[in-house]
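Sequences and hints are given; from them, build the entire structure.
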Amino acid sequence: MTNVQIEKNNLKKISKMSFEEAISRLEEVAQILSSQKINLEQMIELYEEGNALKEHCNSRLNEAKMKIDKIIIDKKSL
Numbered sequence: 430m431t432n433v434q435i436e437k438n439n440l441k442k443i444s445k446m447s448f449e450e451a452i453s454r455l456e457e458v459a460q461i462l463s464s465q466k467i468n469l470e471q472m473i474e475l476y477e478e479g480n481a482l483k484e485h486c487n488s489r490l491n492e493a494k495m496k497i498d499k500i501i502i503d504k505k506s507l
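430 is the number of the first residue of the sequence shown in this note's numbering; add one for each residue after it.
Be aware that one or more of the hints could be misleading.
The calculated lysine-lysine pairs, modelled on DSS-like cross-linking and capped at a C-alpha distance of 25 Å, are [said to hold, decoys possible]:
#1 K483 / K441
#2 K504 / K483
#3 K496 / K445
#4 K483 / K442
#5 K442 / K494
#6 K504 / K494
#7 K483 / K445
#8 K504 / K441
#9 K494 / K505
#10 K483 / K494
#11 K494 / K466
#12 K445 / K505
Derived from the structure by calculation, the hints contain no laboratory data.
From a predicted model like this one, the values you see are computed outputs, not experimental measurements.
Rendered as C-alpha cells:
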C-alpha cells in the first residue's frame, strides 16, 4: 500500500470519528510528537494526521454551533 493510499484510508477513518474520538487521538498524536524519539518521516505523518484531526474537530464544532444557533433563532421566533 502506498503512502497516498494510507493517507486516504486515514482520512476516511478520521471523517467517521466522533468529536470525542478525534480529540482523544489528537491528544495521543501530540503526546507522541512531544515525548518520543521518532524519525522524520513518522513525525511528518503524525503532523499530517494531527492537522486532519484538528480540521475534523473544527468542522464538528462548527456543525454543533450552527445547530445551536438555529435552535436559538427558532426559539426566538415562538
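The hints, checked one at a time:
1. K483 / K441: holds (14 Å)
2. K504 / K483: violated (31 Å)
3. K496 / K445: Given that 25 Å is the threshold and the Cα spacing comes to 19 Å, the pair holds.
4. K483 / K442: holds (14 Å)
5. K442 / K494: holds (23 Å)
6. K504 / K494: Given that 25 Å is the threshold and the Cα spacing comes to 15 Å, the pair holds.
7. K483 / K445: Measuring from Cα to Cα gives roughly 14 Å; hence the hint holds.
8. K504 / K441: With a Cα-Cα distance of about 36 Å, the restraint between K504 and K441 is violated, given a limit of 25 Å.
9. K494 / K505: The hint holds at about 17 Å.
10. K483 / K494: With Cα atoms ~16 Å apart, K483 and K494 stay inside 25 Å; holds.
11. K494 / K466: violated (38 Å)
12. K445 / K505: violated (33 Å)
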